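Those protein sequence lines, which keep their order, are chains A and B. For the first sequence, my numbering begins at 1 and goes up steadily by one. For the second sequence, my numbering begins at 1001 and goes up steadily by one.
For the record, the hints were derived by calculation from the structure and aren't laboratory data. Source: prediction; values computed, not measured. Hints should not be assumed to be uniformly reliable.
Interface residues of chain B toward chain A, partial, derived using beta-carbon atoms under 7 Å [as the list claims (entries may be wrong)]:
id : residue
1  : L1008
2  : G1022
3  : A1026
4  : L1044
5  : R1052
6  : R1069
Listed next, the stretches of chain A that the computed footprint assigns to chain B, with coverage defined by at least 3 CB atoms under 8 Å from CB atoms of chain B [what the hints assert, rightly or not]:
id : region
7  : 108 to 122
8  : 149 to 160
9  : 173 to 181
From the derived model, a few chain A residues whose C-beta atoms are all more than 10 Å from chain B [as the list claims (entries may be wrong)]:
id : residue
10 : H13
11 : P38
12 : G81
13 : P186
Ideal Cβ positions, reconstructed from N, Cα and C, are used throughout, including at glycine.
2 protein chains.
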Amino acid sequence: MALLPAALERLLHELTRLPGIGRRGAERIALHLLEAPPEQAGQLAEALAALRREVRPCGLCGNWAEGERCAICADPRRATGQLCVVERAVDIWAFEAAEAYQGRYHVLGGTLSPLAGVTADDLRITELEDRLGPEGISEVILATNASVDGDATAHYLSQRLSERGLRTTRIAQGVPLGGHLDYADPGTLRLALQGRRPLG
Amino acid sequence: MALLPAALERLLHELTRLPGIGRRGAERIALHLLEAPPEQAGQLAEALAALRREVRPCGLCGNWAEGERCAICADPRRATGQLCVVERAVDIWAFEAAEAYQGRYHVLGGTLSPLAGVTADDLRITELEDRLGPEGISEVILATNASVDGDATAHYLSQRLSERGLRTTRIAQGVPLGGHLDYADPGTLRLALQGRRPLG
Chain A
1 MALLPAALER LLHELTRLPG IGRRGAERIA LHLLEAPPEQ AGQLAEALAA
51 LRREVRPCGL CGNWAEGERC AICADPRRAT GQLCVVERAV DIWAFEAAEA
101 YQGRYHVLGG TLSPLAGVTA DDLRITELED RLGPEGISEV ILATNASVDG
151 DATAHYLSQR LSERGLRTTR IAQGVPLGGH LDYADPGTLR LALQGRRPLG
Chain B
1001 MALLPAALER LLHELTRLPG IGRRGAERIA LHLLEAPPEQ AGQLAEALAA
1051 LRREVRPCGL CGNWAEGERC AICADPRRAT GQLCVVERAV DIWAFEAAEA
1101 YQGRYHVLGG TLSPLAGVTA DDLRITELED RLGPEGISEV ILATNASVDG
1151 DATAHYLSQR LSERGLRTTR IAQGVPLGGH LDYADPGTLR LALQGRRPLG
């Protein structure tokens, strides 16, 4: 309705610009904030302002950081000679939540995508190469997404890095943990078969 | 993971306090704001600050308003002698979206709930009675929710207001528009039968 206070309409407009929030969700959030203790909206506003003021990409790996280095690059125990290349910082969070990797990361900032006009110069590949010598990297793990663009980018990087005599590996693709074969799509089944390994 | 920048963790904490936003949704929103043009987070922060600064309950009906009166109470064309009593301001928005009512509203601020310790003094009932004379109200439409507490509150108000010789009505309960009978719950079917009306 056109009868809402302008400040309320403006907040609803800003909220619906966020991913995963529609008009109804925005209304619920706005009403919650109107009925909650007054400081809650203020704390959220302050946290938003601090986000862009204090969080910036890590100068080395591109992960989100406070200060010049992210917590992983600042930790000398993570200098294992391995580098895990991912598309976006959120992929680092997924790996860290899995607690399955001890080394450092490198955020590409996307994938090669000729149709969208994304070339190798648009990704953080030079920054990746600049790290190899100083950090004594012996293996680059290519952990781009299992999509067409992610695969193509992994192959491109593998070729470019192997010309420098570097070992590159690609994370495995196959049936996910707990996955039922009759629910798996044909492409996944094909990859799971191709990637089969000797048992015992 | 414990490795996220503190400012990012703080924003995730504030976002997950909002209704309908979990940890994953909060991460998506935070990343979106980090990757979006810098002004977007600032505009959202400013809209949040303005919300509590500029939006307050209307002095008459309790709807959210900018200034002393909400847009509905400020509009003399809505002085129809009818008053529609609702639990919360969001119910006004629902009625306005339906464009089915021309009069004014009154927000109770909840329902009677003896178990939760909510008595008639906690609701905006005196404020309601104070409006009856000055606004020349001839009918009070009780549009509390179709819940146990909503029904009980409607009956209490009906009794209290009819002692003053006022006509009170309750919105109809029954099968919703487009509702299939075989999906309707027994209580709704019972109400739909009890509320049947002559046709033609």
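| So which of the earlier hints does this model not fit? | Violated: hints 2, 3, 6, 7, 8, 9, 10, 11.
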